[in-house]
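Visitor: Here's the letter readout for the chains.
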Amino acid sequence: MNCAAALPLISAFADGELDVLRGHSVRKHVAGCAACAAEYENIRLLSTRLRDEAPRFVASPALQSRVRAALHRAETEQPVGKPRRVAGTRSWFFGGAFAGCAATVLAWFMVTALLQWHASEDLVAEAVAMHVRATLGNHLIEIVSTDRHTVKPWLSARLDYSPPVQDLAEAGFALAGGRLDYLDGRPVAVLVYRYRLHMIDVFVRPETGHATPAALRTLRGFNVVHASGSGMEWLAVSDAGSDVLSPFLQQLAQGSASTASEAR
Amino acid sequence: MPESRFEELILPHLDAAYSLARWLARDGDDAEDVVQDACVRAIKYLDSLRGSEGRVWFLAIVRRAFYDWCERNRPAEILRNATEALDAAVDPAIGPERTLLRDADSLALTDALAALPLPYREALVLRELQELSYKEISRITDVPMGTVMSRIARARSLLQRSPLLQSMRDPLPRSSP
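Chain order of the listed sequences is C and R. Counting with our numbering, you get residues 1 to 264 for the letters of the first sequence. Counting with our numbering, you get residues 265 to 441 for the letters of the second sequence.
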């Protein structure tokens, strides 16, 4: 394979999207051609920079309310008609906004009350409810930091224990921050990690000695993983796959034994 | 119960939907209108969603909603993308939110991405910011895999040569530690 044939394929090669045969040819060519190797490196760098630096926008609470209002309308006016097309698209927002907001607030309280009722009987359900509420309300992170030496003191200043905090960015789990939440009627540390596009909540509290939940559960589409280690009880909640979640939590629970002494 | 299905399958992807709409429309309010419209459609067609492909399915609807919205509100943009020689074109970009950005280099990179012509921008945004495979992008943008491949390659090459990045002495090699 020569440069003319290889160059247009380098982009897809860098994405790992070439079929085996062409992937092999491009790999061989890049290994022996400085110009194409540089192009490959450039594409990799561009990709990394875009992923790190270009903003991923987040839906505002106002948009979430609008969507919930739309959902509510669809529920109440079945069957759903053709979506109305108004010239000024924003007018349909203001039209339904008031009723929509009221309905949303009402629904919100009902859902919250329901979640809380469930929570009292099940730690797992409670953790999932916390995760959902934090995600929907954009309160996922109270202390934003990728530095465990910032997150840990912030948490221990607000709790009567000091949770071990690790950054596992090298394994793909970047520490995003932390927050306080309530679990089982007590304040609890929550470490927030980012894995690709998934947010992972890790609840950490001193071991209680009570009955522990099963190691793995799935609730309303969220995976919940439980582990013990370093004198702590660990509960991870995320929409990431359990095959990813379990080893991650094990590493947190075990690995923290080595860093616990150094971290405080 | 469509409501609970919607909450379970679609709502978790609201941020992804908004982010895509925002990169396509390059305006926050317009992106919200697009996502709202997409949600109305998603509720209506929820029965046609099979399996666990909620995100891809929803993003395809968001994209469709954007193009329909564009036809009504910015017909010139679609026309320009359809008729002009795309290679040379750099749209007069409306820079997205700048407060989120770390420094001037990131700002330039973001502006350059926002300035890419629509077909290239959407392909690259789906690839890098939504981290989707070519196959998934092909389903969302409704073009063959080969087209996805060439659009992404073209988008990268346009980005590397973007005048917005030329001001930086070292356009790309700024490796993060």
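Be aware that a few hints might be false.
These stretches of chain R come out as covered by chain C in the derived footprint (C-beta under 8 angstroms, 3 or more residues) [said to hold, decoys possible]:
id: 1; region: 279–288
id: 2; region: 381–388
id: 3; region: 404–418
What follows is a set of in silico ranges between Cβ atoms, one per label pair, in the way DEER data are often shown [to be verified]:
id: 4; chain 1: C; residue 1: Thr150; chain 2: R; residue 2: Asp291; range: 52 to 58 angstroms
id: 5; chain 1: R; residue 1: Ser397; chain 2: C; residue 2: Ala31; range: 42 to 48 angstroms
id: 6; chain 1: R; residue 1: Ser397; chain 2: C; residue 2: Tyr161; range: 29 to 35 angstroms
id: 7; chain 1: C; residue 1: Ala157; chain 2: R; residue 2: Val407; range: 37 to 43 angstroms
id: 8; chain 1: C; residue 1: Glu41; chain 2: R; residue 2: Arg338; range: 33 to 39 angstroms
id: 9; chain 1: R; residue 1: Val407; chain 2: C; residue 2: Ser228; range: 37 to 43 angstroms
id: 10; chain 1: R; residue 1: Arg336; chain 2: C; residue 2: Gln250; range: 51 to 57 angstroms
id: 11; chain 1: R; residue 1: Glu395; chain 2: C; residue 2: Ser156; range: 32 to 38 angstroms
Treat the hints as calculated values from the structure; they're not laboratory data. Think of the CB as a built atom: it goes at the ideal place given N, C-alpha and C, for glycine as much as any other residue.
Visitor: Each hint: holds or not?
Guide: Cross-check of the supplied hints:
1. 279–288: holds (count 7)
2. 381–388: It is violated, with 1 qualifying residues against the three required.
3. 404–418: holds (count 4)
4. Thr150(C) to Asp291(R): 52 to 58 angstroms: violated, 35 angstroms
5. Ser397(R) to Ala31(C): 42 to 48 angstroms: Taking Cβ atoms as reference, Ser397(R) and Ala31(C) lie about 25 angstroms apart, which means the hint is violated.
6. Ser397(R) to Tyr161(C): 29 to 35 angstroms: violated, 43 angstroms
7. Ala157(C) to Val407(R): 37 to 43 angstroms: Given range 37 to 43 angstroms: violated, Cβ gap about 53 angstroms.
8. Glu41(C) to Arg338(R): 33 to 39 angstroms: holds, 38 angstroms
9. Val407(R) to Ser228(C): 37 to 43 angstroms: At roughly 50 angstroms between Cβ atoms, Ser228(C) and Val407(R) fall outside 37 to 43 angstroms, so the hint is violated.
10. Arg336(R) to Gln250(C): 51 to 57 angstroms: For Gln250(C) against Arg336(R), whose Cβ atoms are near 52 angstroms apart, the range 51 to 57 angstroms holds.
11. Glu395(R) to Ser156(C): 32 to 38 angstroms: holds, 34 angstroms
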